[in-house]
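Q: Given chain Y, put chain U in place with the hints provided.
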Amino acid sequence: MIEFILARYNYWIVILLMMTGLYIVFSRGNLVKTIIGLNIFQTSVFFLYITMGKIIGGTAPILVAGEDEEAHAAAPHDGAHVSPAADHETGVSLADPSSAAHSAEPLSADEAAAYVEGGKANALPDHGGAAEHPGQDLHSLPEVEGASNTLFDPNLPSSASTATFSGSPAPDLEPGIDVVVGHSGGMAAAEHGQGTVVDAVTGAINGTIYSNPLPHVLILTAIVVGVATTAVGLALAIRIREAYGTIEEDALEQMNNEAEFGRRGEPGRAAS
Amino acid sequence: MNITDHLPVLPVVIPLVSAPLAIFLPKGQWVWGWATLISWVTFAAAVALLLTVNASSAGVVEYDLGDWPSPLGIVYRIDLLGALVMALVAGMAAVIFPYARFSIEREIGSEQNNAFYALFLISLAGLEGVTATGDAFNVFVFLEISSLSTYALVAMGARLDRRALTAAFTYLVLGTIGATFFVIGLGLLYQATGTLNMLDLHDRLSGLDNKVVRAGFAFIVTGLGLKVAMFPLHRWMPDAYTYAPSAVSAFLASTATKVAVYAMLRFIFTVFGPTFPFLIVALDFFMVLGLIGMVVASLIAVFRDDVKQMLAFSSVAQLGYMLLGISFATVDGVAAAATHLFNHALMKAALFMAVGAVVYAIGSHQIVAFRGLGKRMPVTAACFIIAGLSLVGVPFTAGFISKYVLIQAAFEATLSLPSIIIVALIVLSSLLAVAYIGRVAYEMYLSDPPAVAKPVRVPLLMVVPMVVMALANIYIGMDGEGIVNLTRRAAEILNVGAF
Numbered sequence: 000m001i002e003f004i005l006a007r008y009n010y011w012i013v014i015l016l017m018m019t020g021l022y023i024v025f026s027r028g029n030l031v032k033t034i035i036g037l038n039i040f041q042t043s044v045f046f047l048y049i050t051m052g053k054i055i056g057g058t059a060p061i062l063v064a065g066e067d068e069e070a071h072a073a074a075p076h077d078g079a080h081v082s083p084a085a086d087h088e089t090g091v092s093l094a095d096p097s098s099a100a101h102s103a104e105p106l107s108a109d110e111a112a113a114y115v116e117g118g119k120a121n122a123l124p125d126h127g128g129a130a131e132h133p134g135q136d137l138h139s140l141p142e143v144e145g146a147s148n149t150l151f152d153p154n155l156p157s158s159a160s161t162a163t164f165s166g167s168p169a170p171d172l173e174p175g176i177d178v179v180v181g182h183s184g185g186m187a188a189a190e191h192g193q194g195t196v197v198d199a200v201t202g203a204i205n206g207t208i209y210s211n212p213l214p215h216v217l218i219l220t221a222i223v224v225g226v227a228t229t230a231v232g233l234a235l236a237i238r239i240r241e242a243y244g245t246i247e248e249d250a251l252e253q254m255n256n257e258a259e260f261g262r263r264g265e266p267g268r269a270a271s
Numbered sequence: 000m001n002i003t004d005h006l007p008v009l010p011v012v013i014p015l016v017s018a019p020l021a022i023f024l025p026k027g028q029w030v031w032g033w034a035t036l037i038s039w040v041t042f043a044a045a046v047a048l049l050l051t052v053n054a055s056s057a058g059v060v061e062y063d064l065g066d067w068p069s070p071l072g073i074v075y076r077i078d079l080l081g082a083l084v085m086a087l088v089a090g091m092a093a094v095i096f097p098y099a100r101f102s103i104e105r106e107i108g109s110e111q112n113n114a115f116y117a118l119f120l121i122s123l124a125g126l127e128g129v130t131a132t133g134d135a136f137n138v139f140v141f142l143e144i145s146s147l148s149t150y151a152l153v154a155m156g157a158r159l160d161r162r163a164l165t166a167a168f169t170y171l172v173l174g175t176i177g178a179t180f181f182v183i184g185l186g187l188l189y190q191a192t193g194t195l196n197m198l199d200l201h202d203r204l205s206g207l208d209n210k211v212v213r214a215g216f217a218f219i220v221t222g223l224g225l226k227v228a229m230f231p232l233h234r235w236m237p238d239a240y241t242y243a244p245s246a247v248s249a250f251l252a253s254t255a256t257k258v259a260v261y262a263m264l265r266f267i268f269t270v271f272g273p274t275f276p277f278l279i280v281a282l283d284f285f286m287v288l289g290l291i292g293m294v295v296a297s298l299i300a301v302f303r304d305d306v307k308q309m310l311a312f313s314s315v316a317q318l319g320y321m322l323l324g325i326s327f328a329t330v331d332g333v334a335a336a337a338t339h340l341f342n343h344a345l346m347k348a349a350l351f352m353a354v355g356a357v358v359y360a361i362g363s364h365q366i367v368a369f370r371g372l373g374k375r376m377p378v379t380a381a382c383f384i385i386a387g388l389s390l391v392g393v394p395f396t397a398g399f400i401s402k403y404v405l406i407q408a409a410f411e412a413t414l415s416l417p418s419i420i421i422v423a424l425i426v427l428s429s430l431l432a433v434a435y436i437g438r439v440a441y442e443m444y445l446s447d448p449p450a451v452a453k454p455v456r457v458p459l460l461m462v463v464p465m466v467v468m469a470l471a472n473i474y475i476g477m478d479g480e481g482i483v484n485l486t487r488r489a490a491e492i493l494n495v496g497a498f
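Quick mapping for you: the protein sequence lines, in order, are chains Y and U. Each residue of the first sequence is one higher than the one before, counting from 0 in numbering that gives the first Met the number 0. Each residue of the second sequence is one higher than the one before, counting from 0 in numbering that gives the first Met the number 0.
Treat each hint with caution, since some may be false.
[Claimed, not checked] Here are some, though not all, of the chain U residues that point toward chain Y, as calculated from beta-carbon distances under 10 Å:
id	residue
1	L24
2	G27
3	Q28
4	W29
5	W33
6	V140
7	F168
8	L171
9	T175
10	T179
11	I183
12	L185
13	G186
14	Q190
15	I420
16	L424
Calculated directly from the structure, the hints in this document are not laboratory data. Note that CB positions come from ideal geometry on N, CA and C, so glycine has one too.
One chain only, chain U, in its complex shape:
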C-alpha cells in the first residue's frame, strides 16, 4: 500500500497522533520543534492533497475509512473547497507554530509548554477533520475535538490576565450550546432520512420538506452560527480573542471561525441544497444579519481601546461579509465568500501576530502601548499597517480582491434587497475599518513615544512569520487571479449554480 493512497486522512491523523507524544517530550525547544515539524508535515500533506484534488477532473477525492464503502461506512470526501480550507488551516498552523515559541514562553511560561503544544496540535487535527469528513456526525465530533482544546488554550492566557478564565468559560458554555443544537439538528435529520452520510442525506432530503427537516435545518444553522460567531451570536468571541495568548488568538482568528463557515457552506449547499425550499428564507436572514453585523460590529470596533478586542470585533464584521456572500446563493457570491475567508485569515493572522509582538516587547495590547511604535518597532508597525490596509480593502492588498469580487457578485445577483444598498453598506463598513485601523496608525506614527525604557527586542522567530503573512497579503493583492479562480471552481463543484 502506497502512502499517497492515504493522503486524504494524513492531515487529520498526523497531528492527532503526534499530540500525545508532545506531552512526553522534554520542555522547551524539543516539544516546540516537534510540534513545528508536525505542523509542516501536515501542511505538506494538505498542499499535496489540494493539488491532487485540483488536478482531478471532478475536483473531489474520496477515502473510505477502514475500507467500508459509503454510505454505510464513514467516508472522507474532500472537494476543492474542503481542500482549500484544509490547506489554509495547515498553512496557518505552519506559520504560527514557529511564532509561538517565544511568544508563548513570555505569555504563559514554560511550565505549561507541553500541554500547550499538545492542545494546539489536537485543535489543528479537529479543524482539519471538519474539512475532510463527508459524514455529518463526524463534523460534530471534530468540531468538539477542536473546541474543547480551544477552551483550554484560551484559558491559558490567565497568567497575563485572569479575565481569560471567564472568557474561556463563556466560550465553553456558548460553544457547547452550539454543538448541542447541531447534534439535535442532526438527530432530526437522521429521523427523517436514516442516514448521516452527507451525499446520501442530500439525496434523501431532496423533495422532502416537512417540519422535522425544517426544525433540523434551523437547529443546525443556529448551532453552527454560534460556532461561526455570526452577528447576534458572537458574544463569546471578543473576550476569548482578547484574553487568549497572542499565538492562540492569531490561530483561532484565522482558522476556527473559518472552518465553522466552511461547515455552514457544506450543510447549506451540499446537504440541503437548492431543492430545499426553506433555504431561501434562511438565506435572506443571512443577508440581513450579515449586513447588520458588518456595520454594527465595525462601529463597536472603532470605540475599543484594547487593540485585540478591536480586531475581534472586526472579525465579527468580516464574518458578515462571508455570510453576505453565502446569502447571494450564486456561484459568484459563494466564491467571494470563500475568497474573503481565505484572505481574511491572512490579514487577521498578520494583525494578531503584530499585536503579539507588541505584547512581547511592551507587555500590553492596549492602544496606548502602540504609541510611537513606528519609531520603536518599525517592522511590526509596518506589518500592522499592511495587514490593516488589507482589512480596509485598499488596492494591491488581499482585502481589495475579496471586496472587489464580493461587490461584483452583489451587482450580478438578483437579490431581495437592491444591490446598491448592499454595496453602500459594504463601503460604509470599510470606512469604519479605516476609522479603527486609522486610530492605531495615528498612535503608531503620529504620537510621541512615551519616555519609558526601550521595548524588548522581538526575536527573529516571531518577526519572520509576521512578515511572511504581511507579504502574503500583498502577494494575493498583486496576483489575485489564482485564488479567485480556485474559489470559483470550488463554488461550482459545491453545486451552487443549481439555484
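This is chain Y alone, in the form it adopts within the complex:
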C-alpha cells in the first residue's frame, strides 16, 4: 500500500498543487494573490502533462548525431503516437493482450502507408540531405526508405532488436507496478516480449530511449496560454487599482454594491 502511494509521488505533487492553487483562488481577497493561485493551479497541470511524457531512462526527443539516423528519424514520431497508448494506468491491465493489440493499432500497415504518403507531401526537397544531417529534420522519415522498412516489416529478425533493447527499462516489465515511471517503456517491453514488431517504438535503438514529445509540446502551448492569462489578469488588476484605488475584493464588492443599490441617505441609482 505504502509502496503504491510512494510510487506515484508525482501524482501527489500534482494533486497537492492543484488543491493549493484552487484554495488560494477561492479564499484570498487580493486580486494579485488570486492570480498567483491561478498560476499554481495551472502549474499542477503542467506537471501532470510532464509526467505523461516521461519515460524512464528516456532522453530528450532530439536526434543524436552519429547514430543510426534511419531509426532515429523514425523514433520520435512513433513515440508520440504509440507509447502513450500504454498508459492504461488503472483498470486495464498492461498485460491484457486485447488492449495491447489495441494500442498497437496505429502501426498497422495501412496507416503506416498513409503516414508515408502524407509525409512525402511535406518532405524537404533534399533527399540526400536528410541522411547527411540526421538531426535536421524529423519530418523526413519517409524519405529514408530504409526507415520505414525497418520499422514496419513484420519479418524483421527480432534477434537484432532484442540485443539493442538491453539496458532499457527491463524492470518495468511487471505490469501494475511500473505505472508511475516509464509506463510506455513497460508496455513496449511487454509487446516486445510477445514478439511483435514494435521494438523500435520505444526508441530503444542502440540503447537510446526517447521521451514522448507530444505532452511536452501540448504543455508548452498551455504554458503560453497561462502566461497570456496572467498578463491579462495583472493588467486588469492594474486598471482596477486605477479605477477603484484598491485591489481587495471585499472593498471592491462594497463599492460595486453601493453603485448598484445606493448608499443610505443618498439618492438611489445613479442612472435614474
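A: Then chain U, alone, in the frame of chain Y:
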C-alpha cells in the same frame, strides 16, 4: 491549388491574420471598414462551407492541416452541426460589426478603436476555430484564443462603468479555471488512449470505462460547463454581459456560449458517444440542472432593474433549454437543442442591439431609461418587442419553433422524469419570460416619457442590423422548416441515434 480546396480553414484563418493588420490601420472608419469587410468575407466563406457540407452525402468535410493525415496530424473536421454553428457565428459577426461603429465610438471612445476591432476579430477567429477543429487539444487552444480577447473586450466597458473591470476579472478567473479543468480532462483521456484526434479518441474510448476516463469526462464537462455558463456555474456571466460594451454583449450572448454548447455536444456525442456508460448518469444531471436553471434564472431575471442584466440571466435560463435538449439524448432532443441554439442567438442579438441603441440615445441600460420608449424610439422599441416575443415563444417567432420542437422531443423521449413535468417547467419558464419582457414592455408603452431632452438620434448603421435581426426572428418563425430539417440532419450525423 484551388482556393476552394482550403475552404474549411478560411473562416478561421481570415479573421486571425487580419486582426494584427487592424492595429496598424488609421483610426475611425478605416479600421472599422476593414474589420467589417473581413467579417463579411468570413461569413461568405462560412456559408459556402455550410452549403458544401450540406451537399455532401456524408455531411462531413475534412481538411488535413499541412497535409498530415489524421489521426497523426491535426485535422479540421466540419460536420453539419459544426458548419451550422460556424455560419451562425460568422453571420452574427457580419451583422454586429456594422452596428459596432457608432455604438463603440460612444461607449469606449475612439482611442481604443484599433485594439477593439483587432480583439473582436481574434475572438471571432477563436470561436470559428472551435467549430472547425477535429482535434481535442485544438479546442482548448481556440477556446482560450477567443476567451482571452473576450476578457479584454469586456473590460473595455470600463469607460461607461468601472464595474466592467471587476466583471472582466471574475470572468477571467472562472474562465481560466474552466479551461484548465478542460485541459486536465484532455490529459487524462490522452493517458488512457494516446490520441487527441476526436474520432480516434472515440474509437479507442469505446468499451473503455475506468476511473481515468470517468475523471477525464467529469473534468471536461465541468470545464466546458463553466464556459457555457451552465446553471450553477454561471456566476461570471451576468456581470460580464451587463458591463461589456453593447456590441460586445450582443456578440458574446449570441456566439460565445453557443460555441461552448457546441463543444459540449461534440465531446458528449462524438468523443464519448453512446458506448460510454457513465454518460447516461451525466445526462440525468444535465436534465436536472437544465430544468432548475430554466426556472431559477428566469425568476432572478424578473427582479432585475438593469435590462442588460435581465437579459443575461435570461440567457442562463435559455441555456437550460439547450442542456435539456441535450439530456434527452435522442435525435429530436439534440436537434431541438441545436435549433434553440440558433434561434436564441438571433433573439439575444436583437435584444442586446436594442439595448445598445437605448444606451446610445439615452445613456443608460436601467429599466427607467426605457420609459416611454414606444413614443420616443418606436423602431428600437418594436425590435425589442419582436425579439422579446420570440424569447417568450409566441407563435410566428423563432422562439416558438424551438420550444415546439423541444416539447415534442420531450414527449417522444423515454426519460427518467415524466415528460409532463418537463413540459410544465418549460411553460413555467416561458411565463416568467413573459413577466420580465412584460416589465420592459410596460415601461416602454404604458409609462409616460420623462420630461427630459429628446434622445439622441440613433444612426442608421445601428438601426439596420437591429431590424435585420428582428426580421430574422419573424422569418424563422414563419418558415421554420429549413432550420428544423437542417438541425435534424446535423443531429443524425452526430450519431445521436445510436443511444
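Q: Run every hint past the structure and note whether it holds.
A: Here is what the structure says about each hint:
no. : hint : verdict
1   : L24  : violated, 23 Å
2   : G27  : violated, 24 Å
3   : Q28  : violated, 28 Å
4   : W29  : violated, 26 Å
5   : W33  : violated, 24 Å
6   : V140 : holds, 6 Å
7   : F168 : holds, 5 Å
8   : L171 : holds, 5 Å
9   : T175 : holds, 5 Å
10  : T179 : holds, 6 Å
11  : I183 : holds, 6 Å
12  : L185 : holds, 8 Å
13  : G186 : holds, 5 Å
14  : Q190 : holds, 4 Å
15  : I420 : violated, 35 Å
16  : L424 : violated, 30 Å
The structure shown violates the earlier hints numbered 1, 2, 3, 4, 5, 15 and 16.
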